[in-house]
Each structure stands twice: as C-alpha cells, then as structure tokens.
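As you go down the protein sequences, you meet chains A and B in turn.
Each step along the first sequence adds one to the number in this note's numbering, with nothing skipped, and position 107 is 101.
Remember, this note's numbering sits 29 above the position in the second sequence when you count from 1.
By construction, these hints were calculated from the structure, which means they are not laboratory data.
Glycine residues also receive a C-beta, built at the ideal position from the N, C-alpha and C atoms.
Worth double-checking, as some hints may not be accurate.
As the list claims (entries may be wrong) - 30 Å max Cα-Cα, derived DSS-like pairs, lysine-lysine:
#, chain 1, residue 1, chain 2, residue 2
1, B, K86, B, K34
2, B, K87, B, K44
3, B, K44, B, K123
4, A, K51, B, K123
5, A, K51, B, K100
6, B, K34, B, K87
7, B, K34, B, K100
8, B, K71, A, K5
9, A, K51, B, K34
10, B, K87, B, K123
11, B, K71, A, K9
12, B, K140, B, K44
13, B, K71, A, K11
14, B, K34, B, K97
15, A, K51, B, K44
Stated by the list, open to error - With the Cβ distance kept under 7 Å, some of the chain A side facing chain B (calculated, not the full set):
#, residue
16, Y42
17, P49
18, L85
19, S92
20, G93
21, G99
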Amino acid sequence: GAGVSQSPSNKVTEKGKDVELRCDPISGHTALYWYRQRLGQGLEFLIYFQGNSAPDKSGLPSDRFSAERTGESVSTLTIQRTQQEDSAVYLCASSLVSGGPQHFGDGTRLSIL
Amino acid sequence: QQQVKQSPQSLIVQKGGISIINCAYENTAFDYFPWYQQFPGKGPALLIAIRPDVSEKKEGRFTISFNKSAKQFSLHIMDSQPGDSATYFCAASKGTSGTYKYIFGTGTRLKVLA
Chain A
-5 GAGVSQSPSN KVTEKGKDVE LRCDPISGHT ALYWYRQRLG QGLEFLIYFQ
45 GNSAPDKSGL PSDRFSAERT GESVSTLTIQ RTQQEDSAVY LCASSLVSGG
95 PQHFGDGTRL SIL
Chain B
30 QQQVKQSPQS LIVQKGGISI INCAYENTAF DYFPWYQQFP GKGPALLIAI
80 RPDVSEKKEG RFTISFNKSA KQFSLHIMDS QPGDSATYFC AASKGTSGTY
130 KYIFGTGTRL KVLA
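Work out the full structure, taking the sequences as your base and the hints as a guide.
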C-alpha cells in the first residue's frame, strides 16, 4: 500500500500479557516514529528510528516497552506485562528522511482488561 | 520548555465561517511547525506546515500564521465546511537537528454546523 500500515488495528488482552504491535512504513522512508495517544489527548512521542538504529528512546515510559526495526522496513513495538494504564492508541509514523514531514498510520487500539 | 499549548479545546463554527486555532511554544530551538487533522478512528493527516523563516503560509482554505517573537502560531480555516469537523493538532519539532520528534498540542475538536 501507499501509506503507513499498522497491525493489528485492535488488540484486547489481559493485564500481565505481552503484546506486539507492528508497523510497515511507507516504502523508502528511512525514519520511523512511535507515538501513544491516550483517549482524548494529544500524541506522546515514544521512540525514533533512523534506519534500524534508535537514536532517541527517551519517550519509552518504562523498561516494559521496547521496539526494534528491521533495516529500513518493519518495526515492532513490544509491551511486556501489560498494565491497564497501557490502554491507548499506538501510532506509527514514517518520513522519507529525518526531519521530513511525518506520515501516520491509523494506529493500533490497545485495550487492557 | 518542551510543551506546546493549544487552544481552544473545542470550537463550534457555522458553515462558511472562519475557524481559528492557536498554539504557543517555549523552546526557541523548534524550527518546524506542522498541523494535523484527525478523524475518529483514523491516524493524523498532515494538513500544512511552516518554518520560522516565513510569517504566513497558505494552502487552499488553510493558512498558518506564525509570530516568531511571540512564539505563537495559528491555523485559520476559511469558509469552514461540515467536512472539516475533526480534531486538529499543532506540533513542533527541531527539524534540522536532534531527533525530529514532534511535540504535540492537546488538540482542538472542531465542529462545523451545516
């Protein structure tokens, strides 16, 4: 597809379980970002990738959160031992080059029971 | 210093009217200011963006006004239409250095009445 693709679109899981969220950026985009959007709020930065390295992980809320990226392609955000406060929409964005306009996917809505 | 303050939280405008949303920032290192439009269940879509070397940028019905000395910028939607009803977010970043992450405002929910 032409845009940023995220899967799954919705995920419901029990507290304490691990979840993996996937992002397929726009082809050729070297920079990739993860953000979190809590209900009715703005977006919070989580992590930034340039290629497969992560120069800025400063937004990851705890060590339960991690992310990786394969080359200049797919990225996965992993949340271990999920807590109810992790419930949010997780959004991925990519840009052709770092500093360029960021294009967002439709997000994964994560609900922790 | 990393905050971007956005107002109003919500806005109701008559069809054909002008919608104005304001944002203010503290960090003078910010040098890229995009606006995003978000419909329910969808990701934010880039509307228009500006850099501080210009005071205004217009694209169709959307205009950004930028006041570098006041550290403020605003989005004007001319001839507002019911299809413009959405949530709008301003953002700021250090686009020429650093990590390029966006700092977002808290959003403005716009409703345009038919």
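Quick rundown of the hints versus the structure:
1. For a cut-off of 30 Å, the pair hint linking B:K86 to B:K34 stands: about 21 Å separates their Cα positions.
2. Of the pairs offered as hints, the one joining B:K87 and B:K44 holds, with about 20 Å between alpha carbons and a cut-off of 30 Å not exceeded.
3. For the proposed pair B:K44 and B:K123, the alpha carbon gap of about 36 Å is over 30 Å, so the pair is violated.
4. Distance check on the hinted pair: A:K51 and B:K123 sit about 16 Å apart at the alpha-carbon level, within 30 Å; holds.
5. Among the hinted pairs, A:K51 with B:K100 is consistent with the structure: their alpha-carbon atoms are about 27 Å apart, no more than 30 Å.
6. Our distance criterion of 30 Å between C-alpha atoms is met by B:K34 and B:K87, whose separation comes to about 22 Å.
7. Restraint check for B:K34 and B:K100: the C-alpha separation of about 11 Å stays at or below 30 Å, so the hint holds.
8. For the hint linking B:K71 to A:K5, the alpha-carbon distance of about 16 Å falls within 30 Å, and the restraint holds.
9. Distance hint between A:K51 and B:K34 is fulfilled; the C-alpha atoms sit about 23 Å from each other, no more than 30 Å.
10. As the CA atoms of B:K87 and B:K123 are separated by approximately 22 Å, the hinted pair is consistent with the 30 Å bound.
11. Our distance criterion of 30 Å between C-alpha atoms is met by B:K71 and A:K9, whose separation comes to about 26 Å.
12. Pair hint B:K140 plus B:K44 holds up; C-alpha atoms about 10 Å apart against a cutoff of 30 Å.
13. Distance restraint check for B:K71 and A:K11: the Cα-Cα separation of roughly 26 Å lies within the 30 Å cut-off, and the hinted pair is therefore satisfied.
14. Annotation: proposed proximity of B:K34 to B:K97 holds, straight-line Cα distance about 15 Å (limit 30 Å).
15. Of the supplied pair hints, the one linking A:K51 and B:K44 is violated, its CA atoms being roughly 43 Å apart against a limit of 30 Å.
16. Taking 7 Å as the C-beta cut-off, the interface hint given for A:Y42 holds, the closest approach to chain B being about 5 Å.
17. Because the smallest distance between the Cβ of A:P49 and any Cβ of chain B comes to about 6 Å, under 7 Å, the interface hint for this residue holds.
18. Hint status for A:L85 relative to chain B: holds, with the closest Cβ pair at about 6 Å, below 7 Å.
19. At about 5 Å, the closest approach between the beta carbon of A:S92 and any beta carbon in chain B falls short of 7 Å, and the interface hint on this residue holds.
20. Because the smallest distance between the Cβ of A:G93 and any Cβ of chain B comes to about 4 Å, under 7 Å, the interface hint for this residue holds.
21. Taking 7 Å as the C-beta cut-off, the interface hint given for A:G99 holds, the closest approach to chain B being about 5 Å.
Checked against the numbered hints given earlier, this structure breaks hints 3 and 15; the rest are met.
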